[in-house]
Amino acid sequence: MSLVDLIARADERGLAASGLACLDRCVPLLGGDDEILRPLWGNLTDASDAADWGGLLEQIRGKLGVGGDLAGEDGEGDGGGGDEAVLLARRMLAAAPAERTAAQLRAWADACSVASLRIHRLLDPADDPAPLDSRRAGSTEDMPPLAAAELRRQVTVLEVLAGHGAGGLRRALEVSVEGRRVLRAVVSRRARGRG
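Taking my numbering, the leading residue of the sequence shown gets 1, the next gets one more, and so forth.
Keep in mind the hints are simulated off the structure, nothing from the lab.
This structure is a prediction, so every number in the text was calculated from the model and none was measured.
Worth double-checking, as some hints may not be accurate.
As the list claims (entries may be wrong) - List time: in silico SDA-like cross-link candidates among lysine to any residue, alpha-carbon distance up to 25 Å: (1) K63 / A185; (2) K63 / A191; (3) K63 / E35.
Claimed, not checked - Per label pair, the in silico range of CB-to-CB distance: (4) E58 / D142: 36 to 44 Å; (5) P125 / E12: 32 to 40 Å; (6) A51 / G165: 17 to 25 Å.
Quick reminder that beta carbons are idealized off the backbone N, C-alpha and C, glycines included.
Using the sequences provided together with the hints, build the complete structure.
Okay, here's the thing in structure tokens:
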């Protein structure tokens, strides 16, 4: 099943985990530590209260210095993709819905999927001539490695949550931690290359 289909069929928890996982993998661009999003992950368990989501989200935005509206900022920057990647990550966090409902989360999860893939394409030294829409629909031939790995992670998170519900959260988090380590290494290499 394609990534687009998986998002279309996901339930509230799957959608929240999908968007959160994309954001979590991009935390190195936001300057956050590895545990910064842990309270939101905890809010997806069976024992949690969905009503707490908005408050937790605001606390995290405050810690990372991200307001709830970045629509006026543009992606113009150094031309190398670094500034645009940071802005895309900040927009993912800014756009997260205050209410944890499937209706609001579906648009956010879809936007996070696109933004995270764009970030990985920007940071991948290999060009990808294919449109993101075709990649998300399942066309992965000759896809650059960094973006291809991100696409696989997005699919894995949605499949795990669809198959196991709350029981799949640990695996979804593991997939995100792995992706975060990869992106942190890429960001670190780029910073050294500019220094």
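Going down the list of hints, with the structure as the test:
1. Of the supplied pair hints, the one linking K63 and A185 holds, its CA atoms being roughly 23 Å apart against a limit of 25 Å.
2. Pair hint K63 plus A191 holds up; C-alpha atoms about 23 Å apart against a cutoff of 25 Å.
3. Restraint check: the Cα-Cα separation between K63 and E35 comes to about 12 Å, which is no more than 25 Å; the hinted pair holds.
4. Under the hint 36 to 44 Å, the C-beta atoms of E58 and D142, about 42 Å apart, fit the expected range.
5. For the pair P125 and E12, the beta carbons lie near 37 Å from each other, so the given range of 32 to 40 Å is met.
6. Our hint of 17 to 25 Å for A51 and G165 holds, since their Cβ atoms are close to 20 Å apart.
The earlier numbered hints are all upheld by this structure, with none contradicted.
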